[in-house]
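There are 2 protein chains.
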Amino acid sequence: MTDSLFIRACYNKPTERTPVWIMRQAGRYLPQYRAIRSGHSFTEMYKTPELATEVTLQPVDILGVDAAILFSDILVVPEAMGMELRFIEGRGPVFSEPLRNELQVMGLKEVESNEALSFVMQAIKNLRRELSGRVPLIGFCGAPWTLATYMVEGGASRHYRHIKEWRFKRPDMLEQLLSRVTDALIDYCRAQMDAGVQALQIFDSWAGLLDEDGFEHLALKYVRKLIGAIRRPGVPLIYFPRGGMLWLEKLGDLGAEVIGLDWNIAPRRARELAAGRFALQGNLDPTALYAGEEQVRRHTLKMLEGFGRGRGHIANLGHGILPDIPVENARAFVETIQSESAGFRNTEQAV
Amino acid sequence: MTDSLFIRACYNKPTERTPVWIMRQAGRYLPQYRAIRSGHSFTEMYKTPELATEVTLQPVDILGVDAAILFSDILVVPEAMGMELRFIEGRGPVFSEPLRNELQVMGLKEVESNEALSFVMQAIKNLRRELSGRVPLIGFCGAPWTLATYMVEGGASRHYRHIKEWRFKRPDMLEQLLSRVTDALIDYCRAQMDAGVQALQIFDSWAGLLDEDGFEHLALKYVRKLIGAIRRPGVPLIYFPRGGMLWLEKLGDLGAEVIGLDWNIAPRRARELAAGRFALQGNLDPTALYAGEEQVRRHTLKMLEGFGRGRGHIANLGHGILPDIPVENARAFVETIQSESAGFRNTEQAV
Chain A
7 MTDSLFIRAC YNKPTERTPV WIMRQAGRYL PQYRAIRSGH SFTEMYKTPE
57 LATEVTLQPV DILGVDAAIL FSDILVVPEA MGMELRFIEG RGPVFSEPLR
107 NELQVMGLKE VESNEALSFV MQAIKNLRRE LSGRVPLIGF CGAPWTLATY
157 MVEGGASRHY RHIKEWRFKR PDMLEQLLSR VTDALIDYCR AQMDAGVQAL
207 QIFDSWAGLL DEDGFEHLAL KYVRKLIGAI RRPGVPLIYF PRGGMLWLEK
257 LGDLGAEVIG LDWNIAPRRA RELAAGRFAL QGNLDPTALY AGEEQVRRHT
307 LKMLEGFGRG RGHIANLGHG ILPDIPVENA RAFVETIQSE SAGFRNTEQA
357 V
Chain B
7 MTDSLFIRAC YNKPTERTPV WIMRQAGRYL PQYRAIRSGH SFTEMYKTPE
57 LATEVTLQPV DILGVDAAIL FSDILVVPEA MGMELRFIEG RGPVFSEPLR
107 NELQVMGLKE VESNEALSFV MQAIKNLRRE LSGRVPLIGF CGAPWTLATY
157 MVEGGASRHY RHIKEWRFKR PDMLEQLLSR VTDALIDYCR AQMDAGVQAL
207 QIFDSWAGLL DEDGFEHLAL KYVRKLIGAI RRPGVPLIYF PRGGMLWLEK
257 LGDLGAEVIG LDWNIAPRRA RELAAGRFAL QGNLDPTALY AGEEQVRRHT
307 LKMLEGFGRG RGHIANLGHG ILPDIPVENA RAFVETIQSE SAGFRNTEQA
357 V
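Chains as they are written, first to last, in the working numbering: chain A, 7 to 357; chain B, 7 to 357.
Take the hints with a grain of salt, since some may be wrong.
Distance condition first, Cα-Cα at most 25 Å in a straight line; then the derived DSS-like pairs of lysine-lysine [what the hints assert, rightly or not]: (1) B:Lys227 / A:Lys308; (2) A:Lys231 / A:Lys115; (3) B:Lys256 / A:Lys308.
Hints in this document: simulated from the structure, not taken from any laboratory.
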């Protein structure tokens with residue numbers, strides 16, 4: 007797989023065309039996903055390796071994307087640390103007892119991923135067998151700051167009152183939590199690599215809640231520690247700090263091969279700021295796929311043009327695909343990348 | 007009032023100390039506000055000039071801020087354009103019939119602010135009399151993009167599906183709406199100035215939903231038109247593009263004297279990007295006021311240090327004050343600015 011389009015693009019190596027996958031590509035917008043989901047709870051889906059395997063493969067078959075990403079949830083780690091998690095229809099994941107004091111932080115369990123999260127490892131093994139080299143398999147985890155935010159808030163939140171109170175009033179307690187979560191993630195990511203993932207994405211979905219100082223000391227510091235502990239030759243790492251595009255310049259020495267971009271930042275500007283130090287992944291606004299197929303093609307070409315002729319771009323949306331996107335439009339996005347990006351590349355070689 | 011601290015700072019002129027006010031300073035965190043609010047609906051409050059006047063004055067008396075900002079709501083303009091607005095407890099403002107087609111856009115009324123919004127103008131006149139020169143009075147409006155977002159979504163929204171669909175699928179219809187809203191705002195802002203506001207802030211609360219291209223063509227284009235039409239000598243304009251800190255460099259030729267900052271951007275970086283072309287307002291994370299008074303002082307001093315010794319800074323939070331902030335902490339923020347910022351200024355003069 008090290009010579010796949012996706013892995014080569016992660017390492018900034020030349021590719022004939024731009025590889026493409028879609029965040030949340032195994033999801034509700036696919037009728038085939040909804041068919042399986044109708045018979046099982048979300049929890050059953052990610053805890054049953056056969057189901058997780060099946061839905062992970064769907065977009066590879068249906069859309070022809072250039073990478074598979076494991077169907078799972080970032081909150082399996084806090085769950086393995088002992089926090090009871092429930093998925094409430096229309097409200098998303100909710101922790102029954104959010105962390106609100108030091109005693110609760112002290113009470114979190116250490117994670118032995120191969121035991122507590124064996125269902126993830128089994129799904130990875132199944133997938134490697136089923137994929138048998140068709141496309142690489144991406145594993146993932148939530149970043150420490152993002153997981154801590156969920157664990158303290160308990161679920162979706164309006165002002166993130168509790169985690170922010172920790173940040174400004176009890177930074178010591180927050181740092182203790184971030185350390186514990188980072189340790190659990192180190193074990194979890196290593197186990198995913200042992201089981202066979204060929205790349206790994208770290209989702210920092212709440213980076214944008216922070217000020218610059220907080221981003222450095224509460225987000226990056228722990229991501230740097232995580233990356234330092236899990237790096238392996240041949241397994242590229244992708245860091246996606248959503249809402250953190252203002253801080254792209256700071257990510258050059260993080261150790262991640264790829265930085266995921268949300269749609270706020272213009273591709274051209276991201277290229278300038280990256281200055282070849284890391285590859286870029288993204289970043290079409292997912293709502294652009296609400297437009298008609300012809301318009302999707304146009305918006306996609308404009309994005310490709312923005313990223314320009316250089317190597318080191320993996321096409322994706324700037325956030326997960328939305329559940330009510332027509333499949334034809336997702337396919338138009340993927341097809342446009344696959345059929346048109348070679349032109350951009352050829353121009354590069356001609357120059 | 008042109009020699010008040012606040013107005014001088016807006017125009018980048020020297021001041022003995024940094025002026026300070028707080029977004030949403032007339033609000034729920036004040037027991038005196040809640041006392042009045044308990045007897046009246048939110049709608050009654052902003053439509054009754056006497057009530058609007060009373061709550062506008064509260065933070066001037068209680069916290070001693072350096073500017074008053076009219077108590078009102080940005081949605082009075084769509085309301086005057088004919089959209090029925092309801093405030094639902096715990097859910098915020100909701101339009102009964104959000105805009106979903108061209109016919110509805112065509113059906114929007116032109117706004118004669120002095121008639122349809124006379125309650126605002128009356129409150130402004132009352133306030134000028136009551137304030138009698140103590141501090142300047144700031145008027146405000148929502149930016150065209152932000153008002154259009156509310157009008158199309160109908161209320162708070164998760165993915166802003168509808169306005170984004172217009173943006174990518176029917177840009178022509180969106181531009182028509184933005185033009186109509188801009189025209190209404192020109193009339194509204196002029197009427198506020200005629201009635202006596204001494205500065206005016208344009209809130210672009212949903213700037214952060216956009217990509218760079220959208221920010222330029224759907225947000226800035228119309229703000230530029232608005233500013234061009236309403237500029238008057240002696241009445242500084244403040245533009246606050248929340249979530250748009252990535253695009254600060256683009257705002258140099260907008261015509262606004264002041265750019266409001268959210269807390270994402272580090273003050274030092276904002277100073278560099280502004281390069282003296284505009285004054286800056288902000289930007290402490292409002293949740294920092296959840297910490298104790300002593301910590302609030304420390305966080306505030308750190309912010310002052312970040313903005314440094316130059317002129318042209320108006321202290322504020324990076325977003326509205328939250329309803330459950332202890333009043334002592336809001337006072338600690340204001341007092342720290344007022345007692346400590348002179349030190350920073352004096353150093354400047356010494357250098």
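Starting from B:Lys227, check that the Cα of A:Lys308 is at most 25 Å away, please.
-> holds (20 Å)
Agreement of A:Lys231 and A:Lys115 with the hint, judged by alpha carbon distance not exceeding 25 Å | Holds, at about 20 Å.
Given pair status - A:Lys308, B:Lys256, alpha carbons within 25 Å = Holds: B:Lys256 and A:Lys308 sit about 21 Å apart, inside 25 Å.
Going down the numbered hints, you'll see the structure goes against none, and every one checks out.
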